Each structure stands twice: as C-alpha cells, then as structure tokens.
Amino acid sequence: MIRLQNIEKVYRTDTIETLALNSISLDVAKGEFLSIMGPSGCGKSTLLNIMGLLDTPSKGDIKISDQKTDHLSDKQLAQFRNQKLGFIFQSYHLINDLQVLDNVELPLLYRNTTAKERKMLATEALEKVGLSNRIKHFPTQLSGGQRQRVAIARAIVGRPEIILADEPTGNLDSAMGNEIMDILINLNRNEGTTIIMVTHDENMAHKTHRLVRLFDGSQVQ
Amino acid sequence: MLKNYFKIAIAVLRRRKFFTFISLFGISFTLTILLVLTAFLDKVVGDSYPDRKRDRSLYVTHLQESGKDGQSSSTLSYYFLNHFVGSLKTPVKLGISSGYEGTNTYVNNKKLAVNYKYTNADYWEIMEYDFTEGKAFSKQQIDNADKVAVISEDMKRDYFGDIPSVVGKYIEADNVKYRVIGVVKNVPITSYNLYSDIYLPYTVSKTDFTKGKGYLGDFTGVMLAKSTDDVPRMRDEYDAMMRRIPMESKQFNKMYSHAQSYIRSYVETGNESSSGVTIVFTAIVIFVLLVTVLPTLNLVNINITRIMERSSEIGVRKAFGASSGTLVYQFLVENIILTFLGGLIGVVLSFIAIQVLNSFRLIPNLVLSINFTVLGIGLLVCFFFGLLSGVYPAWRMSKLNVVTALKAQ
Chain A
1 MIRLQNIEKV YRTDTIETLA LNSISLDVAK GEFLSIMGPS GCGKSTLLNI
51 MGLLDTPSKG DIKISDQKTD HLSDKQLAQF RNQKLGFIFQ SYHLINDLQV
101 LDNVELPLLY RNTTAKERKM LATEALEKVG LSNRIKHFPT QLSGGQRQRV
151 AIARAIVGRP EIILADEPTG NLDSAMGNEI MDILINLNRN EGTTIIMVTH
201 DENMAHKTHR LVRLFDGSQV Q
Chain B
1 MLKNYFKIAI AVLRRRKFFT FISLFGISFT LTILLVLTAF LDKVVGDSYP
51 DRKRDRSLYV THLQESGKDG QSSSTLSYYF LNHFVGSLKT PVKLGISSGY
101 EGTNTYVNNK KLAVNYKYTN ADYWEIMEYD FTEGKAFSKQ QIDNADKVAV
151 ISEDMKRDYF GDIPSVVGKY IEADNVKYRV IGVVKNVPIT SYNLYSDIYL
201 PYTVSKTDFT KGKGYLGDFT GVMLAKSTDD VPRMRDEYDA MMRRIPMESK
251 QFNKMYSHAQ SYIRSYVETG NESSSGVTIV FTAIVIFVLL VTVLPTLNLV
301 NINITRIMER SSEIGVRKAF GASSGTLVYQ FLVENIILTF LGGLIGVVLS
351 FIAIQVLNSF RLIPNLVLSI NFTVLGIGLL VCFFFGLLSG VYPAWRMSKL
401 NVVTALKAQ
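Quick mapping for you: the protein sequence lines, in order, are chains A and B. Just so you know, full-length UniProt numbering puts 176 at position 176 of the first sequence, and the rest follows in order with no gaps. Just so you know, full-length UniProt numbering puts 76 at position 76 of the second sequence, and the rest follows in order with no gaps.
Please note that the accuracy of each hint is not assured.
Part of the chain B face toward chain A, derived, beta carbon under 7 Å [unchecked claim]: (1) V316; (2) G321; (3) S323.
Rather than coming from a laboratory, the hints here were simulated on the basis of the structure. No experiment lies behind these values; they were computed from the predicted model shown. Here a beta-carbon is modelled for each residue, glycine too, at the ideal position from N, C-alpha and C.
Could you build the full structure based on these sequences and the hints that come with them?
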C-alpha cells in the first residue's frame, strides 16, 4: 500500500543542517495497522507527514497504491490526499467556527458531491463514532474525547484507503484514549482501512499489527 | 461549497469584532465619501438647471490683462460684454448678468440676508428658469428701468411667508422697493454664475453700468449659438475679436479671455497658463486615490492578520484536499462578502449623509441625491476592493506549508 525507499529529510538553516530522517525504507501492507514509536524529536511525525504527502523528503521515493507521488502538482497532490488519505491529529485541528457536521463534511467539499450527499455521508460517519446526537454542536462545546471522535469522523467520511494518525490519544486520558483506540481498531478490522499511527504509548502500540521504532531519525526496529 | 464559505466568513466576522469594525468602517466610509462626492459633482456639473442650452452656449467669465508691471484678472465689465461681445455675428443672443451681491432687508423688524444680481433681457431667453408664477422682465422694462424683480422660491417664502401668490407685491432690498413680477425655482449657490435670491434689471442699479469703458467689472456673459454646429465658429469669432480689440491701457501688453464651455468656465482660475480643468481634475483624482488606496492597504494588512490567525484551518483544509487555488478562491469569496457588507453600510450611510446635508441646508439651494449609476459604480468599486485587498493575503496564505500551518495554533 505504501512503499518508502531510502527516505531522508534534512532541515537546513543558514548555519545548521539537521538530519531528521536517515535512509528510512518501509513497506506498509494494505489493511495493516502500523504504529510508529520513538522518543520526542526522533522524526516520527516527520515520517508520518511525508507518508501523508504533507511534506516532501529531501531524498528517496514514495509510492502509495503503486503510484509515485514526487511529480504531482499542487492540485494533483490535493486531489490525491482527498481521495486516498485521511488524517487524525493530536490536537484535533477542528475548525471552531463550524458546527460538528460542517467539520466532518469538509473533505467532501473538495469532491464532486451534492449538499445532500455530504450531509448523509457526514451523518453516517458521525454515527460510526457515536456522535450523531452532536451534529449541531460547535467543537468548543465538546470534550477532548468527543472532539477526537469528530476528527476521526472527518478522517473517514471520504472513505480513504489510508488513515494517518499523529498521536491520536496523546491529549486524552486513558479511558478516552482506549475508546479512540477501539474505534480505530474496528475501522481497521471491519472496513480494512490501512492505519499508520504515531504514538508514545506502548500499550496502544501493542494493540496494532506491527511496531516500528525510530531513534535519531533512523529505524531501529 | 459557497454556503460553507459564507458560514465561515460570517463566523470569522463575528469572532473578531474589532477587526470587523475597522474593516467595515474603512469600506463603508470610503464608499460614503465617494458617493457624496459624486452626488455633489453630479449636481454641480451635471445638473443643467436653468442653463439647459449648454450644448450651444459658450460662457465668458474672465479677462486677464498682463504687462511688465503686473497683471490683473477679473470678471468683465458690462461695457466689454455689450460693446465687444455684443458685436459678434455668430451668437444669436448674449445673456449678461452680474455676480450676486449680498445685502440686508427687514421683514417684521427681522433682518434677512439676501443676494441679488442684475441681468439683461437676453439672459432670461437663454436661461430656462422654471417659473412657479409670473414671468421674467422684458427688454422694454429694462430700457424703462422699471423697478421690477424676479425672486427665488426660498426668497418668496422667507420674505412673504406661505402665501399662494406674490406677483404684484413689493419686496425691499438695499432700501429700494421692487415689484415682484416672477418667482423661479431655486438655483443652488454652487451654480454661482446663475444663483441669486433676487434678479433685477441691470438698469435699476445705483451704478450706471453703461458708463465707462473699462474692460474689467462684475459681469459674465453667455453666448447662445443658433445650433451646436455653430459653437466652434462662435469660439473662433470670440478669439478673433480678442486679438483685434485694443489694450485697455498702456501698462498692459497682453490680454487673454476665452469663450468656454460650462465646465471650463466653472473651474476657470483666471490664470491663462494654468487650466482650471486640469487642476480640478488632478485634485479630484488625488482625493479619490487617497480615499480608496489607503483603506485598501489597510484592508490588505487586516486580511493578512486575519488569515494568519487561521493557519491551522488552512493546514487542515490542505491536508483534506484543498489546493492552493481553492483556498485563494475561498478567501476571496470571504473578502467579497466582507466588502459587500461594507458596501451596503456605505450606501445606507451615504443616504443618511445626503439627507443631513440637504436638511441642514449647508449649501443654499443645493439638493443632493444619490445617482444610481454612481451607486452601481460604487458597488463595483467594492467588488474591486474585495479582490484587491483579498488577492495578496489569500495567495500568500495558500502557499503556506501544510506542516507549518498545522503547527501554528
């Protein structure tokens, strides 16, 4: 599903060069639930961003669904992300000015869909995360766990093949964290969605199919 | 999609009320100034009451004489207009009138400031004043120096009160009683060559204008051609006359005066080397640029700050499939919504400002109204502002790196 070959990421300033990722090669199979662990600053999020085409590597190749992505224009990249990828962030990144339903509809705005279809799909996604009774609420009226469930609904509403989750339980207590983890596991199991999750939590990581460990930008496991 | 953009635009406007106020104030205030200014210009330049024959008229308002020791510039004498201009062949009529002068009169022991001016008979045949009652004085009444007067509607109301007819009644000005023979609709003071409260035959003045051969005086003239085709010929004939007539005195060696269209005569500076039209036009352009460019720059600045605050939203939208072009479109739509809101407020403010200007009678007899063409142009200007002040910030923000945008909270 995702193939990374010799990925390097170097951050350059006028005076200093930092090697964030050093020759990472990784294959993620279709339907796999992979977790990435490592200490802070080891390059986990950078790797996830590169897999999600939110960032570009300094060197190396990425293939997603057998398609090379390095030659895609801004518009094509946007379309590719919209069709294939869904994102879940540690700090939710919901738009506070929009109601829950509008937040969940967001990825569908960039597709050819009618307002009616968008509403139907978004309601369906919210039902899956158990929040169909909160569609008219604003994000600020929800708890942390509820907000992350809205973020998951937004990530799955477009039925992407891959979900990239950057510490999705990082801001939640263990009970809420477990709830979110259960939703992701069910998604992976029932819908066959490929999930790559960055986490600091060993317990969460052990619930996934495979664990990749990074240290100082290199893969150690 | 548009509904979503509209929702977020309104939410953003409500979230930062102070920024919204500054933005809306900038747009609406600018539009108000533009609309009031154009309403004013429209009235002053565009309103052809009472000189409805402007297309076949030329106005003679100034004469400049210059010599080694100095120069002198003024309106013209009755002698100059009657003797020289009156001898031209192309004009079929020559209206002569003095500038208005102020005096006081008393009604029931209450002082009333009035303006009066003198005219000849042709003046009334060239100008098409709307008479609410009576008529203008005739050539014979002028020749007989009859003490008759035409007054304005406001003068009628202020002097006589609300009575239906005043023709035949007497009005006193400058200690002389004149018999009212006609009442005309008001002319705004901005048409300063045509405005007055009281119009009198030039022969009733205490000064005998027919005496003396000086060129400079208090009068202006309007030449009427038979048809619009004759206007250039009339202008040439006037210029030829100016080249022909002798210098008024030895101290001068050059003399300038031209027969001009209404607008040129209106902004005449009296200085031969500098065109009044250019000066007025330049002043208007500079003013309009100042009142439009400054708020636009201000809006650009505010928009950058506004959009910067939304970098997390930009990151999310990009991550979920918005291209840079889509984001530019979104921010432009939001900005156009903002400017149109400002535009609507501007239109309301303009109506209020014009009502206030009209009701307080700050400028005598000047009744302004919103010109709907101007309103349309104003709304287009708003749309242009929206684009102009939105394009740069939107383009800048759409280029924001997704990861950087998401990190900014």
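Here is how each hint holds up against the structure:
1. Taking 7 Å as the C-beta contact cut-off toward chain A, the hint placing B:V316 at the interface holds, the least distance being around 5 Å.
2. At about 3 Å, the closest approach between the beta carbon of B:G321 and any beta carbon in chain A falls short of 7 Å, and the interface hint on this residue holds.
3. Below 7 Å, beta-carbon pairs count as interface contacts, and B:S323 has one with chain A at about 4 Å; its hint therefore holds.
The structure agrees with every numbered hint stated previously.
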